[in-house]
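Residue numbers (our numbering), protein chains in the order written: chain A, 1 to 215; chain R, 216 to 362.
Think of the hints as simulated: they come from the structure by calculation, not from any bench.
Here the structure is a predicted model, which is why all the values come from computation and not from measurement.
Among the clues, some could well be false.
Covered stretches of chain A (in silico footprint by chain R; criterion: 3 or more residues with CB under 8 Å from a CB of chain R, positions within the stretch not fixed) [what the hints assert, rightly or not]:
(1) 28-40
(2) 141-150
(3) 164-177
Glycine included, each C-beta is placed from N, C-alpha and C at the ideal position.
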Amino acid sequence: MYLDLHSHSVSSDDSRATVEQYVKWIHVLRSKRGYTIDGFVLTEHRKFDFDKDYSQLATEYDVLIMKASELDTRYGHVLVYGVTEGLAKDIDLGDVKMDARELIKAARHHGAIAVPAHPGRFGIGLVDYMDQGETFPDLEIVERVNGGSRAGENERAAALCDEHNYLGTGGSDAHLASHLGSCVTSFPTEVRNERQLVEALLTGDFSPVWLKDVN
Amino acid sequence: MPEQNGPYFEDVDLGDEIGPIELVATDENVTTFCELWGNPMPNRFTSQEIAEKSGLPGPIVPGVMSMAIMSQALTDWAGPESLKDLDLVFRLPIPHNKPLFISATVIDTRQEEGNNVVECDVLMTGTAGERYVGGTALLSLPSSEEQ
Chain A
1 MYLDLHSHSV
11 SSDDSRATVE
21 QYVKWIHVLR
31 SKRGYTIDGF
41 VLTEHRKFDF
51 DKDYSQLATE
61 YDVLIMKASE
71 LDTRYGHVLV
81 YGVTEGLAKD
91 IDLGDVKMDA
101 RELIKAARHH
111 GAIAVPAHPG
121 RFGIGLVDYM
131 DQGETFPDLE
141 IVERVNGGSR
151 AGENERAAAL
161 CDEHNYLGTG
171 GSDAHLASHL
181 GSCVTSFPTE
191 VRNERQLVEA
201 LLTGDFSPVW
211 LKDVN
Chain R
216 MPEQNGPYFE
226 DVDLGDEIGP
236 IELVATDENV
246 TTFCELWGNP
256 MPNRFTSQEI
266 AEKSGLPGPI
276 VPGVMSMAIM
286 SQALTDWAGP
296 ESLKDLDLVF
306 RLPIPHNKPL
316 FISATVIDTR
326 QEEGNNVVEC
336 DVLMTGTAGE
346 RYVGGTALLS
356 LPSSEEQ
């Protein structure tokens, strides 16, 4: 199945897309453009929307909608899947100076998984910090394909994955409805919720793809 | 009733794309805009030195000028009185003298309070795919049935 693992709704301060607009856009991708896309993950900036329930929209449009976070760290942005109340108590989701290494450990301790976003982004991506000598021994997965990257950034992420044997995900990083689904992560197994998403990521059996290349 | 040169509401469908329209905001364009705007010069929009003092690599295109450029792209498509709302997020400074690409995508069409509303994502990007400005626009289009 194809899931966009990186998107932002109006719950993030820099997005203009509502969740309803996203599900309508998936309908466009499916019915007008012939693409297969099963769902998406809302990775809101510096927060996790425990109180938001999108199940009615998901049922109405037959779209899997999951929730996660994109947190700021001193080593770049990190996507966190499987956020729990325990994790949110242990770390300050709004702390923009947190150490990504501590976040990676805390996430695993609470059954979640942390994935550095757009690591090839010039100036703020993980690649730049690793070039400066920083190491991340517990890191296994990074976002290899990001739909918001400028020329050269996804290539830097790919080189990082190849050099360190990191697994790679894909996500659109949509902040507008029509950007959703530009790139996704392909899973051979079915994912129905956030817990199963973490399990699927831990198996290592997934790959990033551009939607236009697989349909 | 003015002649309708743009599309009718019934002609527009979800996923329709407008553009990309390519243009360059030259030094001269920005200076002219600042003169009309009444912004005293030199400023960070026209002076390399002042821009650098503001932490910018060079003079930038004013945000309000970017809005005007994106508005014009939409009204050129849909007609001069069509644009009802434009809500933008400025993500990166916009440089002078570099190609800019304006594009829009229809994400919703609906009838609302007697208006035929078309909602678009609108985006300004650069040659490397950098997203300078993005947001949404609401346009009101005439119906072909009203003609």
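- May I ask which of the numbered hints given earlier this structure violates, with the numbers listed in increasing order? none
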